[in-house]
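S.K.: Sequence:
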Amino acid sequence: MSSIMIEHLDGAIYDLDKLDFRVVSYNPPTATVTYTYQQIGNYGTTLTGAQTGQLVIPLVVVIKARDMNDYRMQLVQLHSIFYTDEYFYVYDSKMPYLRYKVRAQQISPTQNGNFWYSSNVTINLDCPSGYAESTYTSLEMAKDNSLMGFGINLPVEQEFQAQFTTSDFTFTNIGLIPLQSDERPVTITFNGSVSNALTITNQTTNQSLTITKSLSGNDTLVITGFMPTLNGTPIYGNSDHGYLDFVRDNNQIHIDGATSFTISFDTRFYY
Numbered sequence: 066m067s068s069i070m071i072e073h074l075d076g077a078i079y080d081l082d083k084l085d086f087r088v089v090s091y092n093p094p095t096a097t098v099t100y101t102y103q104q105i106g107n108y109g110t111t112l113t114g115a116q117t118g119q120l121v122i123p124l125v126v127v128i129k130a131r132d133m134n135d136y137r138m139q140l141v142q143l144h145s146i147f148y149t150d151e152y153f154y155v156y157d158s159k160m161p162y163l164r165y166k167v168r169a170q171q172i173s174p175t176q177n178g179n180f181w182y183s184s185n186v187t188i189n190l191d192c193p194s195g196y197a198e199s200t201y202t203s204l205e206m207a208k209d210n211s212l213m214g215f216g217i218n219l220p221v222e223q224e225f226q227a228q229f230t231t232s233d234f235t236f237t238n239i240g241l242i243p244l245q246s247d248e249r250p251v252t253i254t255f256n257g258s259v260s261n262a263l264t265i266t267n268q269t270t271n272q273s274l275t276i277t278k279s280l281s282g283n284d285t286l287v288i289t290g291f292m293p294t295l296n297g298t299p300i301y302g303n304s305d306h307g308y309l310d311f312v313r314d315n316n317q318i319h320i321d322g323a324t325s326f327t328i329s330f331d332t333r334f335y336y
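Start counting at 1 in the sequence shown, then tack on 65, and there's your number in our numbering.
The hints are simulated quantities; they were obtained by calculation from the structure and are not laboratory data.
Heads up, none of these hints are tricks.
When the alpha-carbon atoms are kept at most 30 Å apart in a straight line, the in silico DSS-like pairs for lysine-lysine are as follows: (1) Lys208 to Lys166; (2) Lys83 to Lys129; (3) Lys129 to Lys166; (4) Lys83 to Lys166; (5) Lys129 to Lys159; (6) Lys208 to Lys159; (7) Lys159 to Lys83.
Nothing here was measured: the structure is a model prediction, and the numbers come from that model.
Take these sequences, add in the hints, and give me the full structure.
M.R.: Shown next as structure tokens:
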């Protein structure tokens, strides 16, 4: 039997059913997309934009207790679990590899007559990102395939990889939305020898980033969004100010200027 799990940012996990908060329903809707149209001529409009808004996930529970004192204590625990001043994660125990980062709106429990149960309590969970995220990162999933679950769009004909040692390779964004440098950037880590300049090109998006600095095998170059750092020090001035986005599915990557290197792509995916 599946249950709905609440995980706080400090790592504390709450199984609602085991804590006698019987889950009546948990039905995350699809992303909330607002479309913008422009009138063109007299016969119809043209789509000019689409933005994903806040997602509201309704969770309905019944509070169970053994007596009136226990019911009051259950209310205290309910408030503690869904403390509204912090984000927390919610996920189905049958799909622990996908989670939503949420906050709870105001909760108003009502006791069911003289019984030590509540009526149905609707807890609306606000998810500002609009999407579920993979619980594990690309590097974690590449190292341990058991962390990957059904329905995450992994092509059956290819092995998922997030770390590479050749000049040409494919990095697959298995999520439903692009990974952009200004929204949900991928963290790229490079270790290798570069004599003059390193260029990383996403041939699928026709984007490239060049680092105009020599590197040794002991150096660690990290690129997150628009900002490259070398051994923890920002080196934006030693780049051509380029950036890399990653479309859904396969992204063909090419490396110039490097020898004997390892490059990895660390990110979560969104559904």
